[in-house]
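There are 2 protein chains.
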Amino acid sequence: MVLTASKAAKRIGRQTVVFPTRPRIVSVASVVGRMEADGPLGGLFDEAIEDNLMGQKSWEQAEVKLLERAMRLSLAKAALKPTDLDLIISGDLLNQIAASSFAGRTLDRPFFGIFGACSAWTEAMTLGAMMVDAGFAFRVGVAVSSHHETAERQFRYPIELGHQRPPTATWTVTGAGAGIIAAEGDGPRITHATPGRLVDMGVKDPFDLGSAMAPAAADTIEAHLRDTGRTPEDYDRIVTGDLGEAGKAIATDLLMEVGFNVEPVFDDCGTMMFDSRRQDVHCGGSGCACSAAVFSAALFRDLVEGRVKRLLLVSTGAMFSPTTYQQGESIPGIAYAVAIESPKPAEQGGVG
Amino acid sequence: MVLTASKAAKRIGRQTVVFPTRPRIVSVASVVGRMEADGPLGGLFDEAIEDNLMGQKSWEQAEVKLLERAMRLSLAKAALKPTDLDLIISGDLLNQIAASSFAGRTLDRPFFGIFGACSAWTEAMTLGAMMVDAGFAFRVGVAVSSHHETAERQFRYPIELGHQRPPTATWTVTGAGAGIIAAEGDGPRITHATPGRLVDMGVKDPFDLGSAMAPAAADTIEAHLRDTGRTPEDYDRIVTGDLGEAGKAIATDLLMEVGFNVEPVFDDCGTMMFDSRRQDVHCGGSGCACSAAVFSAALFRDLVEGRVKRLLLVSTGAMFSPTTYQQGESIPGIAYAVAIESPKPAEQGGVG
Chain A
1 MVLTASKAAK
11 RIGRQTVVFP
21 TRPRIVSVAS
31 VVGRMEADGP
41 LGGLFDEAIE
51 DNLMGQKSWE
61 QAEVKLLERA
71 MRLSLAKAAL
81 KPTDLDLIIS
91 GDLLNQIAAS
101 SFAGRTLDRP
111 FFGIFGACSA
121 WTEAMTLGAM
131 MVDAGFAFRV
141 GVAVSSHHET
151 AERQFRYPIE
161 LGHQRPPTAT
171 WTVTGAGAGI
181 IAAEGDGPRI
191 THATPGRLVD
201 MGVKDPFDLG
211 SAMAPAAADT
221 IEAHLRDTGR
231 TPEDYDRIVT
241 GDLGEAGKAI
251 ATDLLMEVGF
261 NVEPVFDDCG
271 TMMFDSRRQD
281 VHCGGSGCAC
291 SAAVFSAALF
301 RDLVEGRVKR
311 LLLVSTGAMF
321 SPTTYQQGES
331 IPGIAYAVAI
341 ESPKPAEQGG
351 VG
Chain B
1 MVLTASKAAK
11 RIGRQTVVFP
21 TRPRIVSVAS
31 VVGRMEADGP
41 LGGLFDEAIE
51 DNLMGQKSWE
61 QAEVKLLERA
71 MRLSLAKAAL
81 KPTDLDLIIS
91 GDLLNQIAAS
101 SFAGRTLDRP
111 FFGIFGACSA
121 WTEAMTLGAM
131 MVDAGFAFRV
141 GVAVSSHHET
151 AERQFRYPIE
161 LGHQRPPTAT
171 WTVTGAGAGI
181 IAAEGDGPRI
191 THATPGRLVD
201 MGVKDPFDLG
211 SAMAPAAADT
221 IEAHLRDTGR
231 TPEDYDRIVT
241 GDLGEAGKAI
251 ATDLLMEVGF
261 NVEPVFDDCG
271 TMMFDSRRQD
281 VHCGGSGCAC
291 SAAVFSAALF
301 RDLVEGRVKR
311 LLLVSTGAMF
321 SPTTYQQGES
331 IPGIAYAVAI
341 ESPKPAEQGG
351 VG
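So the sequences go chain by chain: A and B. Just so we're aligned: the first sequence equals residues 1 to 352 in my numbering. Just so we're aligned: the second sequence equals residues 1 to 352 in my numbering.
There may be inaccurate statements among the hints.
One copy or two, either will do: identical chains are not told apart, so a pair holds if it fits within one copy or between any two.
Stated by the list, open to error - Straight-line alpha carbon distances no greater than 35 Å define the calculated DSBU-like cross-link-like pairs of lysine-lysine that follow:
no., residue 1, residue 2
1, K7, K81
2, K7, K309
3, K77, K10
4, K77, K7
5, K81, K204
6, K77, K309
7, K344, K10
8, K344, K77
9, K10, K81
10, K309, K10
11, K57, K77
12, K7, K344
13, K57, K81
14, K344, K81
15, K81, K309
16, K57, K204
17, K344, K309
18, K10, K57
No wet-lab data here; the hints were simulated from the structure.
Build out the structure end to end from the sequences listed, making use of the hints.
This is how it looks when you write it as C-alpha cells:
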C-alpha cells in the first residue's frame, strides 16, 4: 500500500478527507416500490408507490418521477424550495444518468451529474460535503435512484423474458433517496469521507456483483480506518451499500485478513432492505437507491435519535458495462465511505 | 431569473463559485485520432494515433487506451507519478463511463466518476478546482475521452451501416484530454466556475445536438457574466465546447437577446477542431474530447504564452439518452463555464 503524504490541508493518510465544519444533513427523504415497502424497513420509508410504473408509459419515466418525488420531499420536509439549494448532485444507473438529468431539469438548479453505479449515494454525499464545507455552497441537494425493471433490461435481461436468476444475484431496489447537506441547521454531521479506488479482482459475472464490489468495499474501509487511526469499535455501525449476503461475507473476511474485525458492527443495506427468506431476492437488495433509501429511512433516524452515535456508510458500486462485459472485460468495483455523527450529544457525537 | 442570495462564502450571484487560491493547471495532454490530427490544430496535439482501433479488438478498448495514454502523458509532462495525484475525476460518453473506469483502474488513485456528456471536461475542472482550492487535494487529475466509432454505434448508428448524416450533425472527436490541477506550481490559474443548469428547449433530434446545447451554453455564459459583473470584453476568448457552426450561431443570438455581444471574442472548439470545408464533418467536432483536446493543445498554450490573458471555457453537453429519445423525450443540455487566467503577468493575469 502506498501512503501518499499529500500537502493538502484537509486530507489525512492515503485517501481520506476531513470536514472541519462538519456539514449537516438537514433533511432526507425516501420513496420506494411496493416490494421494498413490504420488507423489514417498510414502515420507515416516507412514501411507497402502488406499482412500479407509477402511471407512466415506461419504467424509465417512472424512475424519473420517483427521483423527482424524493428530491421534492426532501425539500418539503425541511420547508425549503428548490431555489434554496445552491447545487444539486445526482446520479443513477440509467445510461446517460437519464433519471437524474430529467428529474434535475424540473428543479432548475446548477447540476452536477455523477456516475458511480450503486455507489452514487455516498459519492454524492462526499462531493456535497466538500462543497458545503469549503463554502462553495450553503445547501446542496443530493439524490439518487434505481428501478428494478429499468436496471434488469439495461444490464441483464428484460423481466418479460422470465430469465432465472442465480443464487448470487441481488434485486435492484426500486426507489429513490434524496438529502440536503447544509452549512447550518439541525441534523447528523459529516466528519470525514474516504473516496474509493477502482478495485478489480477479475469478477466477470453480472449476476454476482456482490463479489465484484466486496474487495472495493474492504479496500475503502481499510483505508478509512488506517487514515483516521480508528478501529471498527470506534463506529456503532459500519454499513455497506449493496454487497448482499455473499459480498458481505467476502468483505468481512477480507477485512479480517488485514487485521480489522468489523463483524460486530457490520451490516449491509442490501441485506437490511429485504427479508431474503420471505422475499424472493436471493442475496439481497442492490442499486443506487438501496443505500440511499435505507440510510434515509432507518440509519438517519438512528443518528438523529442517538441510537447510533457514529456511522460509517459505504455505498458500493460495480462499474458493470454490458458492452465491455460482452467483450470479455471484468467488472471494477468502487466504494465511497462517509463518516457521520449523531447530533446528540450536541457537538460531540462521538462514541464514548 | 431567480437570483439566489446564497450564504456560502465562495459563491457570487446566481450560480458562480470563486476560487480564492486560484488553483493552477500545471499540466495538460492531448491524444487524438488521425482525422483530428489532419485538422487545423493538428500540429499542436501531443500525440496522434495511427488508426482509431489502436491495435485493440474493439473501439471501446481503444478508447480506454486513448484515455489512459492522455492521463499518463499529463503526468509525464509534469514529471509526476500517479501516486502524486490525490484524486482523479474522469468522465466519457460510454455507458457506465466505461473508458473512465477502466483507464482510471490502471492509475490506482481515489476516483470520482462523472457524467455530463460532452460537458465533462469543464465539469471535471470545476470539481477539481473546488477540491484543490478547499484543501481536499493537493493535485487532482482530470481526464475525459470520446471516440467517433464508439459514440456513433451507441448513440446513433454503427458506422458500418453507412447511415447518411444530415447537415446539422457533428463529428464526435476521437481523442482524450487530461490535466493536472494543483495548489502549487506553474500554469494558468482557475479563478471562477459557473456550473450550469439543465436547460431543455424541446430539441429531439440526435443529429442536431448543437441546437440542444446552445440554450444551455447561453444560459451559463449569461449567468457567469451577470454573477461576476463582467462583460464579454473582459475576456480575450469565450470558447464553448462542441456547439458546432449551427449551435454557435444560436448561442450568439441568444446572448445578444439578453444584452451580451460575445461575437468578437466567441469561438467553439467544435468549429476549431476541423476544417469543415475540407473535412467531411458537417457542423464541426463534438464529444468530451473536443473541448478537452482543443484546450490542452491550443488554448492552454495561448494562456501560458500570454496571447490569451483571460479565457472563459464552456464545455457543453447534451444529456442525450437513446432510450428516452425512443420514448419521445427531448434532450436537455448543460454547460459548465470555467474562467482561466494567464500566468503572465505573474499574479495579475487580467486583461487591461
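To see whether the hints hold, each was checked on the structure:
In this assembly of identical chains, the alpha carbons of K7 and K81 lie at most 35 Å apart only when taken from different copies (15 Å versus 39 Å within one copy). In this assembly of identical chains, the alpha carbons of K7 and K309 lie at most 35 Å apart whether taken from the same copy (31 Å) or from different copies (29 Å). In this assembly of identical chains, the alpha carbons of K77 and K10 lie at most 35 Å apart whether taken from the same copy (32 Å) or from different copies (27 Å). Taking the shortest Cα distances, K77 and K7 sit within 35 Å of each other only across copies (21 Å), while inside one copy they are farther apart (40 Å).
Taking the shortest Cα distances, K81 and K204 sit within 35 Å of each other only across copies (30 Å), while inside one copy they are farther apart (44 Å). Within a single copy, K77 and K309 get their C-alpha atoms as close as 23 Å, which meets the 35 Å cut-off; across copies the closest is 47 Å, which misses it. For a Cα distance limit of 35 Å, the shortest separation of K344 from K10 qualifies both inside one copy, at 25 Å, and across copies, at 30 Å. Proximity of K344 to K77 under the C-alpha cut-off of 35 Å is restricted to the intra-copy arrangement: shortest distance 20 Å within a copy versus 50 Å between copies.
Within a single copy, K10 and K81 get their C-alpha atoms as close as 31 Å, and across copies as close as 22 Å, so both meet the 35 Å cut-off. Taking CA atoms no more than 35 Å apart as the test, K309 paired with K10 passes in both settings, with 23 Å inside one copy and 31 Å between copies. In the homo-oligomer, the alpha carbons of K57 and K77 lie at most 35 Å apart inside one protomer (29 Å), although the nearest pairing across protomers, at 52 Å, exceeds that limit. For the homomeric pair K7 and K344, the shortest alpha-carbon distances inside one copy (33 Å) and between copies (26 Å) are both at most 35 Å.
With identical chains, the CA atoms of K57 and K81 are at most 35 Å apart within one copy only, with a shortest distance of 29 Å there and 51 Å across copies. Proximity of K344 to K81 under the C-alpha cut-off of 35 Å is restricted to the intra-copy arrangement: shortest distance 27 Å within a copy versus 44 Å between copies. Taking the shortest Cα distances, K81 and K309 sit within 35 Å of each other inside one copy (30 Å), while across copies they are farther apart (40 Å). Taking CA atoms no more than 35 Å apart as the test, K57 paired with K204 passes in both settings, with 33 Å inside one copy and 18 Å between copies.
In the homo-oligomer, the alpha carbons of K344 and K309 lie at most 35 Å apart inside one protomer (7 Å), although the nearest pairing across protomers, at 52 Å, exceeds that limit. In this homomeric assembly, K10 and K57 never come within 35 Å of each other (Cα to Cα): the closest approach is 47 Å inside a single copy and 43 Å across copies.
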